[in-house]
Amino acid sequence: MNTMSNAEHEIMVLRKTIEDLSHQIINSKHQEERILSEFSSMNSELVNLQRLLAKSNAELTAAREEAVHANHARARFLAIMTHEIRTPMNGVIGMADILLSSDLSDEQKRSVMLIQESAELLLGMINNMLDLSKMEAGKMQLQESTVNMRLLLDHIIRLIEPKVRENENTISAFIDYRVESDLIGDGGRIRQILLNLLSNANKFTKNGKIEISIQLKENSANSQALHIEVSDTGIGIAPDHQKNLFQPYAQADRPEQQDVEGTGLGLSICKSLVELMEGTIDLKSDKGKGSTFWFDIPLKKSPKEAELLVQTRPTRTEQPGRQEESAMPPLAIGQIEKPILIVEDNPINSQVIQLQLKKMGITNVHTASNGQEAVSIYLSHNYLMVLMDNRMPVMDGFQATRKIRELEAAEMRVAIPIIALTANTSQEDRQRCLDVGMDDILTKPVNLDSLTRIMHKWLPVTVTEKILDMSVIQEIIELNEAGDPEVLRTLIEMYQSETPKKLERLRTLAAAGDAEALADAAHELKSGSLSIGINHLSQLLSEIEKRSRQQDIQEIPEMVEALFPAYEKAKQELEQLVN
Amino acid sequence: MALQEKETAGQQLIIEADRLAEQVTHMQYLKQPDLYQRFGAKGRERTKQDSLYSLSYLAESVLMKSPALFINYISWLKLLLSGYRVTEEDLIVNLVAIKKVLLEHFEHHDKPRVVDYLDMGIDHVKTAELQQSYIMVNSTLGAEAGEYLEYLLQADRKQAYTLIITLLDQGISIKDIYIHIFQKSQYEIGRLWQISRINVAQEHYCTAATQSIISRLYPYWLQASGSERPRRLVSACVGAEQHEIGIRMLTDFFEMDGWDTYYLGANVPDHSLIQSIADYKADMVAISVTMTFHVHLVHELIEKIRASEKTAHIKIIVGGLPFNIDQGLWKLVGADGYAPDANKAIQLADTLVPVAELG
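Chains as they are written, first to last, in my numbering: chain A, 1 to 579; chain B, 1 to 359.
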């Protein structure tokens with residue numbers, strides 16, 4: 001019994017221990033599962049939140065894009081609208097101009113002048129709105145070229161002077177002698193800013209003084225920072241108005257100036273333009289004593305020409321050439337249709353000539369490294385000119401020239417100008433060149449001046465002739481105070497809508513051989529073309545007019561045909577100017 | 001007894017399940033005293049839990065008049081128990097014990113139906129077959145799904161994520177990744193747990209890892225809806241369901257299809273779900289169930305949605321395992337439709353809420 005109970009007791013204790021352990025295990029299992037469940041629920045909630053977050057992020061992004069898009073659309077609308085208004089406005093101003101020059105009574109003249117002034121005022125406002133919308137749309141871009149601040153200042157003063165006198169003001173200008181005259185910047189926009197500040201100064205000043213000063217603020221190797229001030233002795237601006245002055249439409253909040261015209265956009269545009277130039281603009285003013293508006297802008301220095309040319313010609317020959325440079329007008333070459341062929345065995349020489357041609361705007365260039373190559377390439381191409389080295393392996397320049405002339409004779413092709421490239425300047429050698437059929441001689445080393453001279457001499461007139469007369473175009477652009485090419489644009493549109501018809505008429509008249517009508521028609525189109533600076537086409541027309549008047553109409557049909565490509569070229573160049 | 005007759009047999013069974021389960025366990029251990037030796041105290045606890053589970057499924061099956069639900073559960077249970085060295089015979093003893101307890105201790109006029117369903121289940125034990133793996137190497141993205149699951153089982157979620165990103169970079173669509181990788185691996189994880197190849201902690205980890213990967217993918221494809229007034233979907237899971245990943249994926253599919261979707265998750269109280277439907281001005285609500293014994297909750301929820309004035313008009317679709325087992329079940333719970341998978345759900349939604357209907 002005792003032994004039994006001992007053994008049983010032991011078993012009982014063991015069983016109890018096992019049971020306890022089992023319970024513990026079961027409990028901890030339960031616990032584990034509960035915790036795992038909790039963990040999973042928590043994770044699910046987190047993922048839910050993350051989904052919500054990702055969704056609202058996507059919505060916010062879309063909303064932002066929509067807002068940006070709406071803003072762009074608004075600015076675009078404004079730009080289109082203002083353009084649609086400006087075109088007829090220019091028509092109104094132009095017609096009023098014509099009307100003024102006709103026989104009018106004083107009463108009528110005053111009325112027309114009122115129309116003109118109102119139209120100009122309206123146009124100015126529209127131009128400002130257009131600028132603003134361009135800036136808001138991020139479309140405003142600077143057009144950089146060489147700026148001569150002295151010339152610019154001179155122009156501006158001449159433009160503003162009549163208005164300054166109207167208000168019985170005097171104007172004076174100062175420019176730091178250290179300001180370089182060939183800085184790089186957007187001259188048109190600088191002029192716009194200055195004109196704006198000046199006309200503001202004049203608006204708010206009666207019987208006082210207006211001063212412009214351009215100071216050199218910083219001078220570095222590559223740029224000059226200018227400090228430009230426009231000050232007046234006018235009514236001044238109260239401090240609390242000063243801070244909002246560069247905001248759009250700020251002027252509207254200034255009741256004391258309600259009699260002064262303007263959209264109130266001018267200064268905000270000036271600020272945007274100055275900032276686009278990476279500059280700053282601000283003012284200092286005392287009420288009753290006048291205001292000084294100033295802006296600082298950095299302008300790049302233009303690279304020195306000598307530095308540019310170092311690579312393209314040896315320095316030794318540079319000096320004598322330079323003196324003649326001013327005498328030789330630079331070539332204004334547009335795209336040439338046919339290429340120029342350079343035949344030269346020395347690749348460096350060939351490269352130098354190519355670079356020089358490129359500087360003149362000629363990039364359509366083929367090369368051959370000996371006479372044989374030149375002849376075979378000549379067979380399959382139409383060239384404007386051949387520049388031919390005399391001494392080359394395989395086949396020299398003399399032989400090649402002879403071959404080409406033979407081919408031309410056999411195929412009835414027009415003889416192409418062939419220019420010899422030679423280091424030998426003896427009379428004998430020159431004669432030899434001409435004997436084999438070469439047209440001219442370029443002495444090595446070839447420099448820009450001699451090459452330019454040769455090009456002037458031998459390239460067809462259509463290539464070298466200036467297509468546009470920029471001085472005329474500049475004058476037209478300056479008609480508009482803000483320096484915007486709007487007037488030019490309108491004129492070009494008008495010209496483009498009429499000219500094709502007139503050219504067709506010339507063609508018909510040429511075919512009919514009606515010399516008198518031809519002369520009149522050519523004259524009319526010539527005047528129209530000259531007035532917007534279309535140079536080359538006008539010269540062609542002038543020649544047609546001259547010959548027609550002399551009843552010399554044999555070559556007229558051919559000359560009339562040449563007008564069409566000339567017109568197309570002029571059109572392209574004009575479009576580049578205004579776009 | 002007359003008082004209890006107010007409930008249906010199924011409802012009555014749910015109420016009494018715990019008490020009956022205790023009696024079943026007691027009876028089974030009387031019949032098989034060796035069970036204690038084989039499984040210890042833990043085994044008895046398990047037996048009671050399993051019995052409770054079986055009773056719940058039986059109850060739901062009766063409640064929904066759907067024997068298929070219970071039969072499917074038997075297949076699942078057999079597979080699960082085999083992992084614990086519980087034999088077919090043990091299972092039959094347990095089910096017979098349930099039957100005996102019901103006959104002796106459960107009173108309801110509809111009791112014969114309950115016993116009928118149980119008999120069908122007992123018969124099914126013999127025929128139920130073991131389930132094959134869900135991941136087939138030669139099916140679409142099968143090899144990748146296998147690789148993905150392997151990473152998860154090694155607790156290497158970084159590699160798993162890298163794999164998914166690589167697939168996306170290769171031009172595999174998010175939808176394909178959802179269907180062929182996430183869904184398949186989830187099914188497989190369930191099966192592996194059922195046959196005791198992985199433990200419950202691993203199951204939780206794998207699911208959580210996939211969820212976290214899904215959430216990291218949101219910025220890749222979630223976009224603001226393009227149309228003025230996109231169709232709106234509110235989705236949720238009834239009851240305290242851990243198995244919410246399926247409806248989450250379904251909701252994402254709707255979002256990818258241009259719907260504006262709001263996934264409320266599991267455990268959402270009925271009244272907040274109804275409030276959300278109204279707040280979001282939803283056109284449709286999708287409700288998911290995985291655990292068959294939650295089906296009656298869907299029924300109740302749908303009744304509440306229909307009863308509320310602000311949500312009475314809404315279209316309701318349901319989905320989840322019970323609806324797949326018994327394809328007529330959706331009508332019983334009062335839904336407008338059911339779909340076996342996400343793509344079919346979208347097709348169904350297009351007929352229930354056509355795009356053109358909206359201004």
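Please note that the accuracy of each hint is not assured.
With a straight-line cut-off of 30 Å between C-alpha atoms, the simulated BS3-like cross-links for lysine-lysine are [unchecked claim]: (1) B:331 with A:55; (2) A:301 with A:134; (3) B:158 with B:126; (4) A:571 with A:139; (5) A:29 with A:109; (6) B:158 with A:16; (7) B:310 with A:29; (8) B:31 with A:55; (9) A:109 with A:55; (10) A:109 with A:134; (11) A:29 with B:175; (12) A:55 with B:158; (13) B:48 with A:29.
Reference excerpt, derived from the structure (chain A facing chain B, CB under 10 Å, subset only) [to be verified]: (14) 19; (15) 41; (16) 497; (17) 501; (18) 503.
For the record, the hints were derived by calculation from the structure and aren't laboratory data. Think of the CB as a built atom: it goes at the ideal place given N, C-alpha and C, for glycine as much as any other residue.
Right, here's what the structure says about each hint:
no., hint, verdict
1, B:331 with A:55, "violated (33 Å)"
2, A:301 with A:134, "holds (28 Å)"
3, B:158 with B:126, "violated (43 Å)"
4, A:571 with A:139, "holds (25 Å)"
5, A:29 with A:109, "violated (107 Å)"
6, B:158 with A:16, "violated (46 Å)"
7, B:310 with A:29, "violated (45 Å)"
8, B:31 with A:55, "violated (59 Å)"
9, A:109 with A:55, "violated (68 Å)"
10, A:109 with A:134, "violated (37 Å)"
11, A:29 with B:175, "violated (37 Å)"
12, A:55 with B:158, "holds (24 Å)"
13, B:48 with A:29, "holds (15 Å)"
14, 19, "holds (5 Å)"
15, 41, "holds (7 Å)"
16, 497, "violated (43 Å)"
17, 501, "violated (50 Å)"
18, 503, "violated (52 Å)"
Hint violations for this structure: numbers 1, 3, 5, 6, 7, 8, 9, 10, 11, 16, 17 and 18, all remaining hints satisfied.
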